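*Asks:* Sequence:
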Amino acid sequence: MNMKLTFLGAAHNVTGSCYLLEANGGRFLIDCGLYQERSLSMRNWDPFPVSADTINAVLLTHGHLDHCGLLPKLVKEGFAGNIFCSSATAEIAKIVVMDSAKIQEEDAAFKKKRHEKEGKKGKFPEVPIYTITEAEACLPRFSGVETGQELGVHKGVTVTFHEAGHILGSTSIKIRVTQGVEERIVIFSGDIGRWNAPIIRDPMLFTEADYIIMESTYGDRDHGPEGNVAQELANVINTAKVAGGKIIIPAFAVERTQELLYHLSGLLKEDLIPNIHVYVDSPMAIKVTEIFKHHPELFDDETRLLIKQGVKPCDFPGLVLSRTVEESKALNDLKGTFIIIAGSGMCNAGRIKHHLAQNISNPQNTILFVGYQAIGTLGRIILDGAKQVRILGQVRDVRARVARITGFSAHAGKSELIKWLSALKRPPRHLFITHGDQAVSNSFASFLSQQTGWKTSVPAYKEEVVLD
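So for the sequence shown, this note's numbering puts the first residue at 39; every next one is plus one.
In short, the hints are calculated from the structure, not lab data.
Be aware that one or more of the hints could be misleading.
Unchecked claim - DSS-like cross-link-like pairs, simulated, lysine-lysine; straight-line CA separation at most 27 angstroms:
no. : residue 1 : residue 2
1   : Lys151    : Lys391
2   : Lys155    : Lys391
3   : Lys149    : Lys159
4   : Lys114    : Lys161
5   : Lys150    : Lys161
As the structure is a computational prediction, the values presented were derived from the model and not from experiment.
Based on the provided sequences and hints, a complete structural model is requested.
*Replies:* This is the structure:
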């Protein structure tokens, strides 16, 4: 058996997920994500480590930016194959890369204008990684595949997508490679979700694998009890109401925004929070919410029952969708207590930066984090307790209350990651731990090695491994 695996992203870090698998003369990228850690952002502009025109196909686990955000760049550099993924992921990823291109063009123009005014040169290129036109060129390459259906992508190479429970349409990918009488199964976990999370189905468990490439975002800790999420959210809102301030929530447009709306709807229905306006200030989140309506087959039993009873899980009185820039800017003039949900989830780009700039220095306001914040991102810097932060080129004092609810995470905690491995009937030949801060991945790998005796490692960026 002769295969090779190269780690081209999410190695000793969380974002930029990208792996190259070479088998039977074929070359396949699993994910092609954007880097969101500031210290690694320059990689987004650098040429791909491998020639794009030599890649036969891309296998995409899901539609988050750190997994699909460099696909237009790959096409720009010569990739001409198919991007295989679930149908829901294809719909979501198209929206995500188009939104990313728009934000990049706007941010590049804004930075260039600001730097010219200040008479200085910025650290990063003042050009978008790819343009809207280049993102559009990527869209026809998406090919939706039914989950559970085995797909031949090359001689002796088949691929099956299975439910990962992370976001709508998210999958783990099972690759079966046959060479003569020998066969190997390689599984890429993608981002593993949580059991009993709202709206979507639980992750699928695998019983056999020779090689596993597994995420470890929360490999060193578990989340708080799931039942506390709604109560914690109610506490934050009620406290903010007493203070008379706004609640600014950076949220990923895919899944996190919809999950927030789900909980807010329930809290309002039970009169656990006051009737305040909730502004979803994210055109992408609004579009993604529509995609949710197209795929009820991906919902869990509880959500299907609510819909059957006539309940709209992501809709309620007081919900306002802000689509235009003018509608977004108008929120600056509103007084009193209300909620703004805006992207990006790690505060790296988009409308959330403008809302933070307007509101982070007011002690009446609350900045509420409900998702993972990678090291080096603006969100992580705020969450770690910085007294001052640089937003849109200006240093701002952090006087707003900073709150966090960990139970919202769409990533499995340590115990759930272990559960994901628990169904294996035999040890894998090798378990590769990726997609986590380096210390977290090392800790998780060490724990698994000691507990199971499995051969486990944490690969470095661009590390190549021969799979026998």
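*Asks:* May I ask which of the numbered hints given earlier this structure violates, with the numbers listed in increasing order?
*Replies:* none
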